[in-house]
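Please construct the entire structure, taking both the sequences and the accompanying hints into account.
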Amino acid sequence: MTKVLVLAEAKNGKLRNVSFEVLTVAGCIASDGEITACVFGSDAEKYSEEIAKYGAQKVYVVNNKELNEYTPDGYKQALLKVIDEVQPQVVLTGHTSIGKDVFPRVAARLNAGLISDCTDVQTGKGIVFTRPIYSGKAFQKKKITEGLVMATIRPNNIEAVENEVAGETIKLPVEIKDLRTVVKEVVKKAAAKVDLSEAKVIVSGGRGVKSSKGFIPLQELADVLGGAVGASRAACDAEYCDYSLQIGQTGKVVTPDLYIACGISGAIQHLAGMSSSKVIVAINKDPEANIFHVADYGIVGDLFEVVPLLTKEFKKVLAEKQAVSI
Amino acid sequence: MNMVVIMKQTFDTEEKITIENGQIVKDNVGSIMNPYDEYAVEEAVKLKEEHGGEVTVITVGPPEAESALRTALAMGADKAVLIENEDQPLDEYSIAKVLTAAINNREYDIILGGNMSVDNGASQVGPRIAEELEIPHVATITKLEIDGESVKAERDAEGDVEIIESTLPILVTAQQGLNEPRYPSLPGIMKAKKKSLERLAIEDLNVTEDDLQSKSKAVDHYLPPAKATGRILEGGLPAQVEELVHILHEETKIV
Chain A
1 MTKVLVLAEA KNGKLRNVSF EVLTVAGCIA SDGEITACVF GSDAEKYSEE
51 IAKYGAQKVY VVNNKELNEY TPDGYKQALL KVIDEVQPQV VLTGHTSIGK
101 DVFPRVAARL NAGLISDCTD VQTGKGIVFT RPIYSGKAFQ KKKITEGLVM
151 ATIRPNNIEA VENEVAGETI KLPVEIKDLR TVVKEVVKKA AAKVDLSEAK
201 VIVSGGRGVK SSKGFIPLQE LADVLGGAVG ASRAACDAEY CDYSLQIGQT
251 GKVVTPDLYI ACGISGAIQH LAGMSSSKVI VAINKDPEAN IFHVADYGIV
301 GDLFEVVPLL TKEFKKVLAE KQAVSI
Chain B
327 MNMVVIMKQT FDTEEKITIE NGQIVKDNVG SIMNPYDEYA VEEAVKLKEE
377 HGGEVTVITV GPPEAESALR TALAMGADKA VLIENEDQPL DEYSIAKVLT
427 AAINNREYDI ILGGNMSVDN GASQVGPRIA EELEIPHVAT ITKLEIDGES
477 VKAERDAEGD VEIIESTLPI LVTAQQGLNE PRYPSLPGIM KAKKKSLERL
527 AIEDLNVTED DLQSKSKAVD HYLPPAKATG RILEGGLPAQ VEELVHILHE
577 ETKIV
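Order-wise, the sequence lines are chains A and B. Here this note's numbering is used: the first sequence runs in plain steps of one and ends on residue 326. Here this note's numbering is used: the second sequence runs in plain steps of one and ends on residue 581.
Because the hints were derived from the structure by calculation, they are not lab data. The structure presented is a predicted model; accordingly, all values stated were derived computationally and were not measured. Accuracy of the hints is not assured; some may be wrong.
[As the list claims (entries may be wrong)] With a Cα cut of at most 30 Å, we get these calculated DSS-like pairs of lysine-lysine:
hint : chain 1 : residue 1 : chain 2 : residue 2
1    : A       : K189      : B       : K372
2    : A       : K125      : A       : K143
3    : B       : K372      : A       : K188
4    : B       : K519      : A       : K252
5    : A       : K143      : B       : K469
6    : B       : K469      : A       : K189
7    : A       : K189      : B       : K352
8    : A       : K125      : B       : K543
9    : A       : K252      : B       : K520
10   : A       : K252      : A       : K278
In structure tokens, the structure reads:
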């Protein structure tokens with residue numbers, strides 16, 4: 001009987017979708033075993049019901065205001081306490097800015113192995129995780145050979161499946177002390193309306209965007225599609241946009257349902273960061289551009305003509321769809 | 327102030343990956359310093375220029391990893407340590423144990439590294455070392471200020487910027503945007519050839535059998551399935567756009 005523990009994560013007052021995806025992975029691994037989840041912060045309790053919808057029989061709530069902001073020390077102390085209480089064989093979370101930060105520390109403390117950034121899992125002959133390496137140029141199958149199994153799961157790769165159970169909420173008091181890093185302030189960036197790593201649609205710009213103003217039509221298209229804006233390294237280096245938007249081998253690796261590459265030539269480093277997207281659309285003036293080799297659909301043309309037309313057309317069909325559903 | 331930079335040599339990002347018998351082929355592949363580590367080296371050299379002290383760069387890898395260390399020396403690091411390991415497959419657990427042992431007997435105020443390597447991409451080794459050394463860490467930083475013992479850093483947290491305060495000693499990992507890594511100058515490269523590069527075997531370090539016993543193992547490697555050739559749309563631009571929206575909306579139903 002495998003006991004799996006999931007660290008769930010909330011952001012801006014909502015559970016993150018990746019937490020449901022991780023719970024789904026936990027379900028595959030636990031099979032008839034037990035899924036336990038934990039969630040941290042003053043308002044953690046309000047999430048337990050939703051967590052149970054995805055199969056967690058027990059939800060440990062660590063209600064402590066010291067956990068309202070993420071710190072490695074605070075989260076480490078809380079997670080170690082939950083692990084001690086639950087005694088799981090497997091501990092999972094999302095490969096998010098929190099997950100990839102606290103799991104290595106906890107793994108080090110427990111002398112445990114950790115498999116990071118997994119996109120798939122197979123059970124049967126032990127638990128085998130699949131993870132991209134070289135930013136997606138290749139894949140690796142990896143397993144833990146000894147002791148506790150820890151893994152972080154990349155957002156947006158596994159479909160979250162509901163599996164409602166009668167969840168039991170357990171309040172676990174944890175003394176959080178000696179925080180050695182303090183979050184003084186969190187500056188929300190306007191550009192990050194939809195988080196790149198979890199966006200279903202990404203409209204991405206390259207050198208062809210020509211200026212920071214050139215990103216405006218891309219943002220408009222992204223807004224209509226409920227997506228996020230990304231960029232190639234060339235666009236970031238040219239200071240058309242912030243490095244936080246960079247997609248590629250240095251930068252973020254993304255796997256949205258739809259990736260629209262505008263004025264991006266398609267350097268191998270950029271392709272590494274986006275070629276696993278489900279559908280890729282390329283818009284480029286140069287019919288020889290490398291990006292067309294990975295694109296499912298290509299339009300050879302000026303992005304400043306094509307993108308506004310796309311925005312208009314999508315607005316039209318989406319409005320029609322809404323009209324029908326009313 | 328003394329800075330230690332943990333770094334790694336990786337494949338050149340231009341390289342394609344080849345696999346034979348389930349293993350990545352490493353022969354005849356161009357190598358570079360992991361791009362995120364360049365930011366770490368640059369920041370360490372900037373801290374030295376501002377506060378004085380010494381920059382030591384450390385890596386675990388094959389003898390050829392010397393070239394990445396020489397690049398760091400040419401950028402302004404003072405000393406390099408190469409812990410040679412050619413055959414033993416070490417996972418993040420073991421690498422962190424080895425690097426910790428190498429750092430432990432040195433004086434440091436701050437340890438810097440890239441936030442991930444562009445090959446393995448796990449983002450584990452930095453935070454693991456911080457835990458082993460019982461010091462705090464701040465990952466994916468885009469700005470760093472040190473004043474006496476106090477540390478102020480900006481951390482990229484999925485697009486949001488967290489402003490973090492802490493104290494030395496600390497470990498930080500670099501995100502793009504932290505700085506513009508300098509190109510090694512010709513005199514820098516010449517000087518780097520004369521700088522101290524210490525070669526150690528893992529056995530020279532205070533590590534146990536258990537430390538070297540990796541906790542995870544790669545069982546297979548493979549390339550992503552080749553993509554079917556895409557379709558370049560034809561006709562007038564408005565017609566192409568209309569067709570594309572139709573495909574995405576009606577056929578793939580993605581939008």
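Results of checking the hints against the structure:
1. K189/A with K372/B: Status holds; Cα separation ~27 Å.
2. K125/A with K143/A: holds (10 Å)
3. K372/B with K188/A: This hinted pair holds, its Cα atoms lying about 28 Å apart.
4. K519/B with K252/A: violated (35 Å)
5. K143/A with K469/B: The given pair, whose Cα atoms are some 36 Å apart, is violated under the 30 Å limit.
6. K469/B with K189/A: Holds. K469/B to K189/A sits at ~16 Å (cutoff 30 Å).
7. K189/A with K352/B: Violated - the C-alpha atoms of K352/B and K189/A are around 40 Å apart, more than 30 Å.
8. K125/A with K543/B: Distance ~14 Å between K125/A and K543/B Cα, so the pair holds.
9. K252/A with K520/B: Distance of about 38 Å is beyond 30 Å: violated.
10. K252/A with K278/A: Answer holds: K252/A to K278/A is near 16 Å, not above 30 Å.
The earlier numbered hints that this structure contradicts are 4, 5, 7 and 9.
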